[in-house]
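The hints should help you fit chain B onto chain A, whose structure is shown.
For the protein sequence lines, the chains are A and B, in the order given. All the letters of the first sequence, read from the start, carry residue numbers 178 to 293 under the working numbering. All the letters of the second sequence, read from the start, carry residue numbers 3 to 114 under the working numbering.
It is possible that part of the hints are untrue.
[Stated by the list, open to error] Okay, the calculated beta carbon distance ranges per label pair:
| no. | chain 1 | residue 1 | chain 2 | residue 2 | range |
| --- | --- | --- | --- | --- | --- |
| 1 | B | Q75 | A | P218 | 27 to 35 Å |
| 2 | B | Q57 | A | S189 | 41 to 49 Å |
| 3 | B | Q72 | A | S189 | 41 to 49 Å |
| 4 | A | K193 | B | I58 | 41 to 49 Å |
[Said to hold, decoys possible] Listed next, the in silico DSS-like pairs over lysine-lysine satisfying Cα-Cα at most 30 Å (straight line):
| no. | chain 1 | residue 1 | chain 2 | residue 2 |
| --- | --- | --- | --- | --- |
| 5 | A | K215 | A | K247 |
| 6 | A | K247 | A | K280 |
| 7 | A | K280 | B | K82 |
| 8 | B | K81 | A | K280 |
| 9 | A | K215 | A | K193 |
Hints were generated in silico from the structure; no laboratory data involved. All of these numbers come straight from a predicted model, not from anything done at the bench. Don't be surprised by glycine CBs; every beta carbon is placed ideally from N, CA and C.
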Amino acid sequence: AQKVTQAQTEISVVEKEDVTLDCVYETRDTTYYLFWYKQPPSGELVFLIRRNSFDEQNEISGRYSWNFQKSTSSFNFTITASQVVDSAVYFCALRRSNFGNEKLTFGTGTRLTIIP
Amino acid sequence: SQTIHQWPATLVQPVGSPLSLECTVEGTSNPNLYWYRQAAGRGLQLLFYSVGIGQISSEVPQNLSASRPQDRQFILSSKKLLLSDSGFYLCAWRTGAPNPQYFGPGTRLTVT
Numbered sequence: 178a179q180k181v182t183q184a185q186t187e188i189s190v191v192e193k194e195d196v197t198l199d200c201v202y203e204t205r206d207t208t209y210y211l212f213w214y215k216q217p218p219s220g221e222l223v224f225l226i227r228r229n230s231f232d233e234q235n236e237i238s239g240r241y242s243w244n245f246q247k248s249t250s251s252f253n254f255t256i257t258a259s260q261v262v263d264s265a266v267y268f269c270a271l272r273r274s275n276f277g278n279e280k281l282t283f284g285t286g287t288r289l290t291i292i293p
Numbered sequence: 003s004q005t006i007h008q009w010p011a012t013l014v015q016p017v018g019s020p021l022s023l024e025c026t027v028e029g030t031s032n033p034n035l036y037w038y039r040q041a042a043g044r045g046l047q048l049l050f051y052s053v054g055i056g057q058i059s060s061e062v063p064q065n066l067s068a069s070r071p072q073d074r075q076f077i078l079s080s081k082k083l084l085l086s087d088s089g090f091y092l093c094a095w096r097t098g099a100p101n102p103q104y105f106g107p108g109t110r111l112t113v114t
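Next up, chain A with everything else stripped away, as it sits in the complex (with noise of 0.2 Å):
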């Protein structure tokens, strides 16, 4: 069985601090996709980040930066110098990379919130 834990339920920072958001997940199959994606109040998923298992290279895109680690199962997502549009409810998600398996499984999410 696939699992993805988000264990921080909610995150307060103020503007311009950097901020860790946790992914933990569990998985018995050697390859796989991990997902970043953020959710802003007005509902719509948006897609951030998409990580094969094989391609353990930490990645930067501007103030998002992501660390993958398959030896303790994490991927984690860092904001840097954060700001109020950052504000939003953000999932990790993770899915078997074989032919047909459909099923994204996501964590509960982390709420953020930027303190102007």
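The following block gives chain B in isolation, referenced to the frame of chain A:
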């Protein structure tokens, strides 16, 4: 570019009434389509997915059904709504095995 539409945006329905939510995708062919439900303050639950016209897979037995009458159209239905059907319903699409799912704007359903 691809676009996904959902309507209505909000809906208030009495218990026992029927339901029909529609999702359409533009700018792509033969997408995989998905219906998710998000209960208040909770994560997302996959309800149905479809890999082609008329092909529906159900993840969770429940009071809902789905249909895909056209390649880029996905419909979520119920004959009689329950209070527990309240939630935020999201449609998503995907093409290509490694690609992510892209979500629509959602429909907020309140059953009274």
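Against the structure, the hints come out as follows:
no. : hint                       : verdict
1   : B:Q75 - A:P218: 27 to 35 Å : holds (28 Å)
2   : B:Q57 - A:S189: 41 to 49 Å : holds (44 Å)
3   : B:Q72 - A:S189: 41 to 49 Å : holds (45 Å)
4   : A:K193 - B:I58: 41 to 49 Å : holds (48 Å)
5   : A:K215 - A:K247            : holds (23 Å)
6   : A:K247 - A:K280            : holds (21 Å)
7   : A:K280 - B:K82             : holds (27 Å)
8   : B:K81 - A:K280             : holds (26 Å)
9   : A:K215 - A:K193            : holds (19 Å)
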